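S.K.: Residues per chain, in single letters:
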Amino acid sequence: MEDKSFEEEHPTKAFGWAARDQSGVFSPFKFSRRSTGEKDVRFKVLFCGICHSDLHMAKNEWGTSTYPLVPGHEIVGQVTEVGSKVEKFKVGDKVGVGCMVGSCHSCDSCSNNLENYCPKMILTYSTKYHDGTITYGGYSDIMVADEHFIVRIPENLPLDAAAPLLCAGITVYSPLRFFDLDKPGMHVGVVGLGGLGHVAVKFAKAMGVKVTVISTSPGKKQEALDHLGADSFLVSRDQDGMQAAMGTMDGIIDTVSAMHPILPLIGLLKTQGKLVLVGAPEKPLELPAFPLLMGRKIVGGSCIGGMKETQEMIDFAAKNSITADIEVISMDCVNTAMDRLMKNDVRYRFVIDIGNTIKV
Amino acid sequence: MAKSPEEEHPHKAFGWAAKDTSGILSPFHFSRRDNGVEDVTIKILYCGVCHSDLHAAKNEWGFSRYPMVPGHEIVGLVTKTGSNVMKFKVDDRVGVGVMVNSCKSCEYCHQDLENYCPQMIFTYNAQNHDGTKTYGGYSNTIVVDQHFVVRIPDSMPSDGCAPLLCAGITVYSPMKYYGMTEPGKHLGIVGLGGLGHVAVKIGKAFGLKVTVISSSSRKEREALDRLGADSFLVSNDPAKMKAAFGTMDYIIDTVSAVHALAPFLSLLKTNGKLVTLGLPEKPLELPIFPLVLGRKLVGGSDVGGMKETQEMLDFCAKHNIAADVEVIQMDQINTAMERLAKSDVRYRFVIDVANSLAQSQL
Chain U
1 MEDKSFEEEH
11 PTKAFGWAAR
21 DQSGVFSPFK
31 FSRRSTGEKD
41 VRFKVLFCGI
51 CHSDLHMAKN
61 EWGTSTYPLV
71 PGHEIVGQVT
81 EVGSKVEKFK
91 VGDKVGVGCM
101 VGSCHSCDSC
111 SNNLENYCPK
121 MILTYSTKYH
131 DGTITYGGYS
141 DIMVADEHFI
151 VRIPENLPLD
161 AAAPLLCAGI
171 TVYSPLRFFD
181 LDKPGMHVGV
191 VGLGGLGHVA
201 VKFAKAMGVK
211 VTVISTSPGK
221 KQEALDHLGA
231 DSFLVSRDQD
241 GMQAAMGTMD
251 GIIDTVSAMH
261 PILPLIGLLK
271 TQGKLVLVGA
281 PEKPLELPAF
291 PLLMGRKIVG
301 GSCIGGMKET
311 QEMIDFAAKN
321 SITADIEVIS
331 MDCVNTAMDR
341 LMKNDVRYRF
351 VIDIGNTIKV
Chain L
1 MAKSPEEEHP
11 HKAFGWAAKD
21 TSGILSPFHF
31 SRRDNGVEDV
41 TIKILYCGVC
51 HSDLHAAKNE
61 WGFSRYPMVP
71 GHEIVGLVTK
81 TGSNVMKFKV
91 DDRVGVGVMV
101 NSCKSCEYCH
111 QDLENYCPQM
121 IFTYNAQNHD
131 GTKTYGGYSN
141 TIVVDQHFVV
151 RIPDSMPSDG
161 CAPLLCAGIT
171 VYSPMKYYGM
181 TEPGKHLGIV
191 GLGGLGHVAV
201 KIGKAFGLKV
211 TVISSSSRKE
221 REALDRLGAD
231 SFLVSNDPAK
241 MKAAFGTMDY
251 IIDTVSAVHA
261 LAPFLSLLKT
271 NGKLVTLGLP
281 EKPLELPIFP
291 LVLGRKLVGG
301 SDVGGMKETQ
311 EMLDFCAKHN
321 IAADVEVIQM
331 DQINTAMERL
341 AKSDVRYRFV
351 IDVANSLAQS
361 QL
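One line per chain: the protein sequences are U and L, in this order.
The first sequence begins at 1 in full-length UniProt numbering and counts up one residue at a time.
The second sequence begins at 1 in full-length UniProt numbering and counts up one residue at a time.
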């Protein structure tokens, strides 16, 4: 009965995989998409990255999930239809959608290309859209989205490895720019070597920045240095190593969302250094005042990026041949992938081959 | 064998010192160095009582050395100048703040950020290059390198100017550094004490809209009528706080007790900045979600460099800004400290050193 109403909500049939409840287990789900409005772009989904947020949301860990929940906000595909007022895209274009599909277009943030900070920003999934229906994300065969929230994927970027840039990529690119941690010769630390962290290393290196990866796992050292191009590697539990690195970094991008102490990270910063968190631990962290004051240091946060900057990031990635390191999976392996993601057992992003493996 | 404080240096000096972690101050005989070629000798007229003096006197931060003569909001008259000193002459009215020396060669010193020099020497409770201790302004005289002495503008009252040498620069510097000076923007100031009340005055002089955020509603009339704040927010009134969510561009948090930052972060607009200036002994509680979802930031700041300190004094002179003070006699210092611990002062005690210290000498 339930499924019928989701199928009938909108005029076009769609198919995806949804989590039905807080167990977070995914299963096939028939639903529907709206008609292509005059400003909409419709595309066949080819790939969708699995972001850790998808896992948090599938299990309602943030308390905001609506079920059935079709996650996925690292979506790439090929345009099949464009609305009459669409100017930027045409049928056949390779495009992507990230974390947002709507905003108010009139507040301060929207006027400054910061749709991601708009109080009425609409997330790609599990959020109420302008028409009152719930949004469904990219673990599905087709997407329809307002042109404003679509980015072009340049020809030279492989689609599967570009998908994670739409969330992970912009999430680390935006703060590197905003907090001025993108100047050649600077020294930036990246905490955590996962989906976000590994892309942060690549972007920072492309900006001419010296990069130190800070991780709890010594096993990731060779990867970080040889494969990702980091300049050095610090094990956060290695007191001597951490001590020696104190006061050496202009900034740190902290991608870890688990609870962790930030005092040692503040110690790694030079005077006037900046610690930017892009992962969000649920409980407050302890902020020691002395080191912050004595060095005029900053702790800040950042959340994805606006649409203009997202396109800029994709173009930067294309110019510098930056893509995510991925493990491509079939749609029906999504539950296994989620189990592995919970244990951080992935180098470094799962990407679902929607185009070839999603079956009605 | 280490020399006694009285014999350590050639010139006798007298002040009041804390002798142990009780923080109780009492008369203390010590000595000051010869006036070197770069030095200025100052007869101290007034010294502000900063909350840091209280923290230090009681060893609340764990690095106090006794006997300790506190005081880093010093105003006085030049009595001697070294042969290399061109900026000052005898009888000039000058001030000394939180620092008396730095390395003068590192990148911070070269950028007029002596306050961030790793070898910066505090006016009291620190070690001089010669290994002796620094003693502060609760005393009759001090000898300081000219680089760390500022001129007091003629129009400023000595007593009202003294607190600017720490409290003033402590709020002025982050307002400049964090860009909190755009006219028309909205600044919230948490805590209406020594730092807070000066921040209101400086904020208004920058053309900002100023809201005072305080746990005591009794300070409201003061804040609005006398200090010129535009509005007042009682921080433990949840309804009023909620109504003010997302309305402030900047917040200066002057509270030195341990406290949660969450309520204040909610007051900030997107991209808002909160600067914390207090030095509680334990960490603050920082929620990360608001930082991430609103691209907000929490920063610290610690006094200011010498160039900026002079700039701040000149700015205050131009805008007729001085601290609101309660002048006390030297021998009232312990009572003043007790009242300070309860924030019972509007808004800074200033010791009338010149007129009361000598009388307390046995």
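Please note that the accuracy of each hint is not assured.
To be verified - Partial list, derived from the structure: chain U residues whose beta carbon lies under 8 Å from chain L:
| hint | residue |
| --- | --- |
| 1 | P11 |
| 2 | K13 |
| 3 | K59 |
| 4 | S109 |
| 5 | P264 |
| 6 | G267 |
| 7 | T271 |
| 8 | A280 |
| 9 | P281 |
| 10 | E286 |
| 11 | L287 |
What the hints assert, rightly or not - Here are the simulated BS3-like pairs of lysine-lysine, each with C-alpha atoms no more than 30 Å apart in a straight line:
| hint | chain 1 | residue 1 | chain 2 | residue 2 |
| --- | --- | --- | --- | --- |
| 12 | L | K133 | U | K183 |
| 13 | U | K120 | L | K209 |
| 14 | L | K269 | U | K283 |
| 15 | L | K242 | U | K128 |
| 16 | L | K209 | U | K270 |
| 17 | U | K283 | L | K133 |
Simulated from the structure, these hints should not be mistaken for lab results.
From a predicted model like this one, the values you see are computed outputs, not experimental measurements.
Note that the Cβ used here is the ideal one computed from N, Cα and C, for glycine as well.
S.K.: Take the hints in turn and mark each one as holding or not.
M.R.: Hint by hint, here is what the structure shows:
| no. | hint | result |
| --- | --- | --- |
| 1 | P11 | 34 Å, violated |
| 2 | K13 | 35 Å, violated |
| 3 | K59 | 18 Å, violated |
| 4 | S109 | 6 Å, holds |
| 5 | P264 | 13 Å, violated |
| 6 | G267 | 13 Å, violated |
| 7 | T271 | 5 Å, holds |
| 8 | A280 | 5 Å, holds |
| 9 | P281 | 5 Å, holds |
| 10 | E286 | 4 Å, holds |
| 11 | L287 | 4 Å, holds |
| 12 | K133/L / K183/U | 42 Å, violated |
| 13 | K120/U / K209/L | 27 Å, holds |
| 14 | K269/L / K283/U | 21 Å, holds |
| 15 | K242/L / K128/U | 24 Å, holds |
| 16 | K209/L / K270/U | 33 Å, violated |
| 17 | K283/U / K133/L | 43 Å, violated |
Hint check: violations occur at hints 1, 2, 3, 5, 6, 12, 16, 17; the rest are consistent with the structure.
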